[in-house]
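Enquirer: Sequence:
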Amino acid sequence: MKTLYTAFKGKNNTSYQLVTAINGESLLLTNSFQGIERDIADLCSNYDAVVMFGVDKTLVNCIRIEGCAEHNGETIYSIYDIKLIAQKGSQAKITHNISYNPTKYFCNFAYWHMLHKVPNTVFIHIPSIGGMTPDFMNLLIDFFRD
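Under numbering that gives the first Met the number 0, the first residue of the sequence shown is numbered 0, with each subsequent residue one higher.
These are calculated hints, taken from the structure and not from any lab test.
Straight line, CA to CA, 30 Å or less: simulated DSSO-like cross-link-like pairs of lysine-lysine: (1) Lys92 - Lys8; (2) Lys82 - Lys116; (3) Lys10 - Lys103; (4) Lys1 - Lys103; (5) Lys8 - Lys116; (6) Lys87 - Lys10; (7) Lys116 - Lys103; (8) Lys92 - Lys56; (9) Lys8 - Lys82; (10) Lys116 - Lys10; (11) Lys92 - Lys1; (12) Lys116 - Lys87.
Between beta-carbon pairs, the in silico distance windows are: (13) Glu24 - Lys87: 12 to 22 Å; (14) Lys92 - Asp41: 33 to 43 Å; (15) Thr132 - Gly72: 35 to 45 Å.
This one's a predicted model, so the numbers in the text were calculated from it and none came from an experiment. Heads up, the beta-carbon is just placed ideally off N, CA and C, and yes, glycines get one too.
Please take these sequences and the hints and turn them into a complete structure.
Expert: Quick look at the structure:
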């Protein structure tokens, strides 16, 4: 299965750190609405799946798996097997929750655009540097490398 991993640019951004450590095929998104839209529009859509990462400063050593995105009154639900990734996360001792309450900023905007391009996409919020221990980052790297 050909999978693309995305993160937001910025060396101090844990999503950037995670995706660059995974060593898979990746896309680093611009930190602006116009840039995100352009980055995703320019992407070839020949991926079987896309795993997107963004940061939530309220998370501490846990992740939140987003089930949908909303923009301009349109909600799009992912067809990615979210329950399977949650189950595998539990087996790997990754604390997580699943949300169907879209966020309102760059992450949601990027997710909505990517779902239009590749419906088999999932967005995962991870902690920022302040909420992420090195052990948890290593756990995420190992988990997503598989």
